[in-house]
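Assemble chain B onto chain A, guided by the hints.
If you read the protein sequences in the order shown, they are chains A and B.
Heads up, the first sequence stops at 304 in our numbering, and the numbers go up one at a time, no gaps.
Heads up, the second sequence stops at 246 in our numbering, and the numbers go up one at a time, no gaps.
In case anyone wonders, no lab produced these hints; they're calculated from the structure.
Heads up, the beta-carbon is just placed ideally off N, CA and C, and yes, glycines get one too.
Just so you know, not all the hints are guaranteed correct.
Unchecked claim - Pairwise CB distance ranges (calculated): (1) B/E147 / A/E284: 47 to 57 Å; (2) A/D122 / B/K173: 52 to 62 Å; (3) A/E284 / B/G160: 52 to 62 Å; (4) B/K165 / A/A212: 35 to 45 Å; (5) B/K226 / A/P88: 24 to 34 Å; (6) A/V81 / B/N176: 21 to 31 Å; (7) B/S227 / A/A212: 38 to 48 Å; (8) A/P52 / B/V189: 22 to 32 Å; (9) A/V2 / B/R12: 54 to 64 Å.
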Amino acid sequence: MVNRLSVELCGVKLANPVVPASGTFGFGIEMAGEYDLNVLGGISLKGSTLEPRYGNECPRIAECPGGMINAVGLQNPGVDVLVADKVPALRKVYGGCIIANISGFSVDEYVQSCAKAAACPDIDIIEVNISCPNVHGGGMAFGTSAQAAAEVTSAVKAVCGAKPVFIKLSPNVSNIVEIALACEKAGADGLTLINTVLGMRIDIERRKPVVANTYGGFSGSAIFPLALRMVHQVAHAVKIPVMGCGGVSSARDVVEMMMAGATAVQVGAENLRNPMVCKEIVEELPALMDKLKINCLNEIIATV
Amino acid sequence: MKKADYIIESNRRIADGVYRMTLVGDTSAILRGGQFADVAVNGFYLRRPLAVTEWDSEKFSIIYKVIGRGTEVMAAMQPGAGVNVLTGLGNGFDASAPASKALVVCGGIGASPCFSLVKELLAKGRQVKVYLGFNTAADVILQAEYEALGADVTVVTMDGSAGFKGLVTDAIKAQNPQFDYFYSCGPKVMMKAVCDMLADCPGEVSLEERMGCGCGICYGCTCHTKSGAKRVCADGPVFKKEEVIW
Numbered sequence: 001m002v003n004r005l006s007v008e009l010c011g012v013k014l015a016n017p018v019v020p021a022s023g024t025f026g027f028g029i030e031m032a033g034e035y036d037l038n039v040l041g042g043i044s045l046k047g048s049t050l051e052p053r054y055g056n057e058c059p060r061i062a063e064c065p066g067g068m069i070n071a072v073g074l075q076n077p078g079v080d081v082l083v084a085d086k087v088p089a090l091r092k093v094y095g096g097c098i099i100a101n102i103s104g105f106s107v108d109e110y111v112q113s114c115a116k117a118a119a120c121p122d123i124d125i126i127e128v129n130i131s132c133p134n135v136h137g138g139g140m141a142f143g144t145s146a147q148a149a150a151e152v153t154s155a156v157k158a159v160c161g162a163k164p165v166f167i168k169l170s171p172n173v174s175n176i177v178e179i180a181l182a183c184e185k186a187g188a189d190g191l192t193l194i195n196t197v198l199g200m201r202i203d204i205e206r207r208k209p210v211v212a213n214t215y216g217g218f219s220g221s222a223i224f225p226l227a228l229r230m231v232h233q234v235a236h237a238v239k240i241p242v243m244g245c246g247g248v249s250s251a252r253d254v255v256e257m258m259m260a261g262a263t264a265v266q267v268g269a270e271n272l273r274n275p276m277v278c279k280e281i282v283e284e285l286p287a288l289m290d291k292l293k294i295n296c297l298n299e300i301i302a303t304v
Numbered sequence: 001m002k003k004a005d006y007i008i009e010s011n012r013r014i015a016d017g018v019y020r021m022t023l024v025g026d027t028s029a030i031l032r033g034g035q036f037a038d039v040a041v042n043g044f045y046l047r048r049p050l051a052v053t054e055w056d057s058e059k060f061s062i063i064y065k066v067i068g069r070g071t072e073v074m075a076a077m078q079p080g081a082g083v084n085v086l087t088g089l090g091n092g093f094d095a096s097a098p099a100s101k102a103l104v105v106c107g108g109i110g111a112s113p114c115f116s117l118v119k120e121l122l123a124k125g126r127q128v129k130v131y132l133g134f135n136t137a138a139d140v141i142l143q144a145e146y147e148a149l150g151a152d153v154t155v156v157t158m159d160g161s162a163g164f165k166g167l168v169t170d171a172i173k174a175q176n177p178q179f180d181y182f183y184s185c186g187p188k189v190m191m192k193a194v195c196d197m198l199a200d201c202p203g204e205v206s207l208e209e210r211m212g213c214g215c216g217i218c219y220g221c222t223c224h225t226k227s228g229a230k231r232v233c234a235d236g237p238v239f240k241k242e243e244v245i246w
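Chain A with its partners taken away, still in its complex shape:
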């Protein structure tokens, strides 16, 4: 029987396009006791760096209308623990696509971390995060210049062998298509977009920023139209597959993202309001497809 929901990313088959976004689903294993993770097309793991990181001080979370700001700052145990413990533990309970999300503070750090992730047989795709707004001297700095983005992409590609490399793009740029094209030209196998939008809240009683880091990444349903527009622009400009991300909270949003050009769709902040949402979306998709007279999901990619 044909799986109406299946999609393919650079030769990696996903049972469906639904992928919890990096940073909103831990390392997957945290949720293994809650439901059978195998319903998920893929899982993008918490962003990892060469060295372990505590991240920023708390508060790291601020609520907003239609979304939230986070300034976690890449808390993670380091890429060695990722490949030695976290990924093998997840693979024991999960047969789908495991996406390692890698961040860094220099091209050399990206290269070292990605090489380690690429050597891990249980990792299917490497997602290079050049768009984290919450760390200084790295992360987003590489994602806001076409030249720097291309430099990271080609350096990382050189050490990842045949493993697909997706570059995760920042929306905090004046022309995301220019950055996307630079990454494609530098050898990226695919793109994930968008990361969070740089934002801020002030506690007017304390007269201080709500998050200790002053600024943080804004995400949630409020950014969906912005993300959708960028996915549409980028997907129509590049030939490589796009994972759409940003404000997705329902099966309808998944269909909309795919029509805009996404081959797979990541669900981020919504996991924080509803940890079961990815499973619920996968379960709701067939009925929505029937209603919209969609036979197979891969037929609708970039059709608008």
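Frame of chain A, contents of chain B only:
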């Protein structure tokens, strides 16, 4: 963790700016006193993490203080209305800790998460001495309920308008109760003072932090501990006192 819809049975003011909401529905995920529930509030993006006061097989209750717009909306919710809640979150207190005589020190609405703990300790045949600290008489909650459980309760207020006048630590010093284990929940300064004073006694405290998911997947509420970074929501909120870096 369980995500389910609940019906509000009651939602009433029990002290100045403090409300108790009782929710009817599936309580099977709630296992220990000191765990919390994450309540969805219409019009707000994130849920409100609130300690479970008491539960049985059909319903559970939470006590919350109105401090922002989200809790203002909660206070206006009417009996009969539905609300979506995640239950069974956090580790909760360890009522099996080896103690024959337990000391429980609460500050403000910190009296809420300790209530089921005390109930369980008493059911296990432990002697329990409870201190309930508040700023003033209008803030006092759960005194009668704790007494009805059979606990030895001392109410303490800063201004002396009810019970012992002063800090909970003053009352403990003055009364010198006997205990071999302690539990505490309340403002951080109070819990630190309690831990400092009871340096030779094993114990555990319940911490608080602004949370994202409430279930350990976003790493938004991490705190420093002596054994490294821990998530308040999933590794806590209850930590052994030796672990805490104040």
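Which of the listed hints are broken here? 6 and 7
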